[in-house]
Amino acid sequence: MELHERQDLVSDMLLGTGEWEPYETRLIQDRLKPGDTMVDVGANIGYYSLLASRICGPEGRVVAFEPQNQNYALLQRNIERNHCENVQAHRVGLWLEPKAAQLHLNNENCGDHQLALNSERSQETVTLQAGDDLLAGGIDFLKIDTQGAEFGALSGMEKTLQRSPSLRMILEFWPYGLANCGHSADQLIQFLGDYPFEYSIIDQENERLDPTTLPGLLDFTRTQLTVESQGFINLLVEAK
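Counting with the working numbering, you get residues 44 to 283 for the letters of the sequence shown.
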């Protein structure tokens, strides 16, 4: 797998261990199966897209979205050098509606570029699209890690979600990042409430799933996972 040449958190971890987020990697391996359709939103350089490509096989497909130029170039090269013919990559970010936007870059962590409203970081103009305009049919697995743009991305995928009755999802839940993108944890929780999902907090350190509910998440954002704390969690979301 081709990595960033300069110092970068994701690339350094892959270079040192050959793996990124090992527990989440196993969660995906345990839930994907041959023939599935996996959507990778915030694909970065393609770690999860390549993983899913091997599992989904020739009868399945992977759709990867990555708006940042350098990440996308590496994503495409990794798809090509690994002969992942079932992966389709788009150099766009997902949002409520099509538009151009400023992506605020983190020069030490290429997985932390953000569509923040206010930032002193260097910027790159990127293209955003609604997922419903690019996805046909239902999907089986969704990995979405967009540094606070999760509500915007999911809101542009409502038709796709409705066509996916057995959807499983790994979703970053970051109230501070959501606020930086003009949304809130409350909005994301309310949106998810329209779907028959079950929720678990992914405990990466202890490699376990802690079941929760939307009211439990809402309370968590009032007590511990506040905007001011800048903390985040990852959720495993599964259709009932």
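Certain hints may be false.
[Unchecked claim] For each label pair, taking beta carbons as the anchor points, the in silico distance ranges come out as:
id, residue 1, residue 2, range
1, K76, E201, 32 to 38 Å
2, K142, G100, 32 to 38 Å
3, A143, D246, 37 to 43 Å
4, P258, R124, 27 to 33 Å
5, S272, Q131, 35 to 41 Å
6, G59, D262, 23 to 29 Å
7, E281, Q230, 20 to 26 Å
8, P258, G59, 39 to 45 Å
9, E62, P239, 40 to 46 Å
10, L252, Q131, 40 to 46 Å
11, Q230, P141, 31 to 37 Å
12, P77, L160, 23 to 29 Å
13, P208, T168, 22 to 28 Å
14, P141, E163, 24 to 30 Å
Hints were generated in silico from the structure; no laboratory data involved.
We treat Cβ as the ideally placed atom computed from N, Cα and C, and that holds for glycine.
* Taking each numbered hint in turn, which are not upheld by the structure, reported in ascending numerical order? -> Checked against the structure, the hints that fail are numbers 1, 4, 6, 9, 10, 11, 12, 13, while the rest are satisfied.
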